[in-house]
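> Take the sequences, apply the hints, and build the full model.
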Amino acid sequence: MRGGLWQLGQTITRRLGQSDKKTIARRCYASEADLKKTVLYDFHVANGGKMVPFAGWSMPIQYKDSIMESTINCRENGSLFDVSHMCGLSLKGKDCVAFLEKLVVADVAGLAPGTGSLTVFTNEKGGAIDDSVITKVTDDHIYLVVNAGCRDKDLAHIEEHMKAFKAKGGDVGWHIYDERSLLALQGPLAGPTLQHLTKEDLSKMYFGEFSIIDINGAKCFLTRTGYTGEDGFEISVPSENAVDLAKAIIEKSEGKIRLTGLGARDSLRLEAGLCLYGNDMEQHITPVEAGLTWAIGKRRRAEGGFLGAEVILKQIADGPAIRRVGLFSTGPPARSHSEIQNENGENIGEVTSGGFSPCLKKNIGMGYVKSGLHKAGTKLKIVIRGKTYEGSVTKMPFVPTKYYKPT
Amino acid sequence: MALRIWASSTANALRLSSATRPHFSPLSRCFSSVLDGLKYANSHEWVKHEGSVATIGITDHAQDHLGEVVFVDLPDTGGSVAKATGFGAVESVKATSDINSPISGEIVEVNTKLSDTPGLINSSPYEDGWMIKVKPSNPSELESLMGAKEYTKFCEEEDAAH
Numbered sequence: 001m002r003g004g005l006w007q008l009g010q011t012i013t014r015r016l017g018q019s020d021k022k023t024i025a026r027r028c029y030a031s032e033a034d035l036k037k038t039v040l041y042d043f044h045v046a047n048g049g050k051m052v053p054f055a056g057w058s059m060p061i062q063y064k065d066s067i068m069e070s071t072i073n074c075r076e077n078g079s080l081f082d083v084s085h086m087c088g089l090s091l092k093g094k095d096c097v098a099f100l101e102k103l104v105v106a107d108v109a110g111l112a113p114g115t116g117s118l119t120v121f122t123n124e125k126g127g128a129i130d131d132s133v134i135t136k137v138t139d140d141h142i143y144l145v146v147n148a149g150c151r152d153k154d155l156a157h158i159e160e161h162m163k164a165f166k167a168k169g170g171d172v173g174w175h176i177y178d179e180r181s182l183l184a185l186q187g188p189l190a191g192p193t194l195q196h197l198t199k200e201d202l203s204k205m206y207f208g209e210f211s212i213i214d215i216n217g218a219k220c221f222l223t224r225t226g227y228t229g230e231d232g233f234e235i236s237v238p239s240e241n242a243v244d245l246a247k248a249i250i251e252k253s254e255g256k257i258r259l260t261g262l263g264a265r266d267s268l269r270l271e272a273g274l275c276l277y278g279n280d281m282e283q284h285i286t287p288v289e290a291g292l293t294w295a296i297g298k299r300r301r302a303e304g305g306f307l308g309a310e311v312i313l314k315q316i317a318d319g320p321a322i323r324r325v326g327l328f329s330t331g332p333p334a335r336s337h338s339e340i341q342n343e344n345g346e347n348i349g350e351v352t353s354g355g356f357s358p359c360l361k362k363n364i365g366m367g368y369v370k371s372g373l374h375k376a377g378t379k380l381k382i383v384i385r386g387k388t389y390e391g392s393v394t395k396m397p398f399v400p401t402k403y404y405k406p407t
Numbered sequence: 001m002a003l004r005i006w007a008s009s010t011a012n013a014l015r016l017s018s019a020t021r022p023h024f025s026p027l028s029r030c031f032s033s034v035l036d037g038l039k040y041a042n043s044h045e046w047v048k049h050e051g052s053v054a055t056i057g058i059t060d061h062a063q064d065h066l067g068e069v070v071f072v073d074l075p076d077t078g079g080s081v082a083k084a085t086g087f088g089a090v091e092s093v094k095a096t097s098d099i100n101s102p103i104s105g106e107i108v109e110v111n112t113k114l115s116d117t118p119g120l121i122n123s124s125p126y127e128d129g130w131m132i133k134v135k136p137s138n139p140s141e142l143e144s145l146m147g148a149k150e151y152t153k154f155c156e157e158e159d160a161a162h
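Chains as they are written, first to last, in full-length UniProt numbering: chain W, 1 to 407; chain S, 1 to 162.
Hints in this document: simulated from the structure, not taken from any laboratory. Every residue gets a Cβ at the ideal spot worked out from N, C-alpha and C, and that includes glycine. Where hints are given, some of them may not hold.
Unchecked claim - Below, a list of computed lysine-lysine pairs in the DSBU-like style, where the Cα atoms sit at most 35 Å apart:
| no. | chain 1 | residue 1 | chain 2 | residue 2 |
| --- | --- | --- | --- | --- |
| 1 | S | Lys133 | W | Lys361 |
| 2 | W | Lys64 | S | Lys113 |
| 3 | S | Lys48 | W | Lys361 |
| 4 | S | Lys153 | W | Lys36 |
| 5 | W | Lys247 | W | Lys204 |
| 6 | W | Lys64 | S | Lys135 |
| 7 | W | Lys362 | S | Lys48 |
| 8 | W | Lys387 | S | Lys83 |
| 9 | W | Lys64 | S | Lys149 |
| 10 | S | Lys83 | W | Lys362 |
| 11 | W | Lys36 | W | Lys92 |
| 12 | S | Lys48 | W | Lys387 |
| 13 | W | Lys64 | W | Lys375 |
| 14 | S | Lys113 | W | Lys387 |
| 15 | W | Lys362 | S | Lys113 |
Unchecked claim - Partial chain S-side listing against chain W, Cβ under 8 Å, derived:
| no. | residue |
| --- | --- |
| 16 | Gly37 |
| 17 | Val93 |
| 18 | Lys135 |
This is the structure in structure tokens:
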């Protein structure tokens, strides 16, 4: 079936190509020889990683544990993910904050040094170019990580605006960390395990905070953040130290922290109600529609000054026409592009992500519905393979988040 | 099975293409069981022909690749199936896969236990996890299917190719 799946996938790709040329263009480049490998590639394979093409990289979708087991273990013990395909970069210069504020909705100036936030890069229409976790390291240094699949367009977008900004005399430059790797360590054992590998007191580092510290003998950029809803860290480590660090983390956890692939990462982020760019957020979706109005700083709402601000500020004032919601449903798990109907069978939106929740043991999903039908408890129907199934709008996260915050 | 692996939350959501091909390291390669006496389709369903009825399910190899099955979409008794066309779908945590019928005929029974316990497909793919029983309309179709040895070889070749 492995090969069969692939061959059959090819058939599908060809078929899809007739109706969706863009999709096929995206799908075709993933020929094996062209795929990039992270420095952990051999480590993944040696540990049973099942490698698949993802955003131009060969990445583990799972290891020997099933996706169900991996998802549950992350919440009970911990997970280690190789996320080196994501693109880390720094913006430096005395005007880097002013520059970044033109491109994102966050109140970057208002961030205390050493803290960060989730934000959204917007286009002129207020749509999302990408979501990103940004950190103000110092007033003249911003560190950020953007999605692998958006790397090229994000960097082109930043570069274009940086040229214009510099032409007007602004002081900003960048560095893209291709010499570093990125590990995500998530789950209740993340803190205690990582503490074995550094002298810094991690109990004083809270969710969203950033620090440049020595971990396992290497200078790392440590951010207390993640994509699972659990407490945890993202560790930018010099690539030559990445395999040693991964081994040390697994060893110090006595094997309880397990290598975890993209499959469980998707289940975990869905359970945590977090958007996946490309599914739950796209070029034509604004942060307001996506339910990320909280990420638009108060000062930014008053002043604007970012791309698409007119559209976004108007949506904040008037309310958006559609909204991202969480869904429970019966029947088969709703997958992306399943139609959402109201109780009378009229189209009210579309599912953007969905699956079976390993922790809740039921179907969860997210999607966009017309405003007014977005309130928790609203009954709806989801169409899957021509049949309709009962569902309802529900609050997110589906599984409570456990971020490490000061009490 | 798996004529189409589409809209998988991991595959599609994570922008893995439909052309996703998991390549397994030799370490993780597991050898699934293939039973003598059954006939196999290259889309990884099995058929057991006894008297006037043929039972159909997906192979151990198939369930192993799909992972935990969480939902099974089955047709109604009395309907008909055609060789190499879809009659249902299996949803795992990983993906949605259509299931093809290896032969044509009339559906005389469906395994209703699968609606409450879809995991039977994982735990017992050749016994309790059967999917439908069919009265074959063209028994000669069975001859075009693979035997156990041929199917084992087919799986090995597929694995080696990717």
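> Indicate, hint by hint, whether the structure satisfies it.
The hints, checked one at a time:
| no. | hint | verdict |
| --- | --- | --- |
| 1 | Lys133/S / Lys361/W | holds (29 Å) |
| 2 | Lys64/W / Lys113/S | holds (29 Å) |
| 3 | Lys48/S / Lys361/W | holds (33 Å) |
| 4 | Lys153/S / Lys36/W | holds (32 Å) |
| 5 | Lys247/W / Lys204/W | holds (25 Å) |
| 6 | Lys64/W / Lys135/S | violated (40 Å) |
| 7 | Lys362/W / Lys48/S | holds (33 Å) |
| 8 | Lys387/W / Lys83/S | holds (23 Å) |
| 9 | Lys64/W / Lys149/S | holds (27 Å) |
| 10 | Lys83/S / Lys362/W | holds (33 Å) |
| 11 | Lys36/W / Lys92/W | holds (28 Å) |
| 12 | Lys48/S / Lys387/W | holds (30 Å) |
| 13 | Lys64/W / Lys375/W | violated (40 Å) |
| 14 | Lys113/S / Lys387/W | holds (20 Å) |
| 15 | Lys362/W / Lys113/S | holds (18 Å) |
| 16 | Gly37 | violated (21 Å) |
| 17 | Val93 | holds (5 Å) |
| 18 | Lys135 | violated (25 Å) |
In this structure, the earlier hints numbered 6, 13, 16 and 18 are contradicted, and the remaining ones agree with it.
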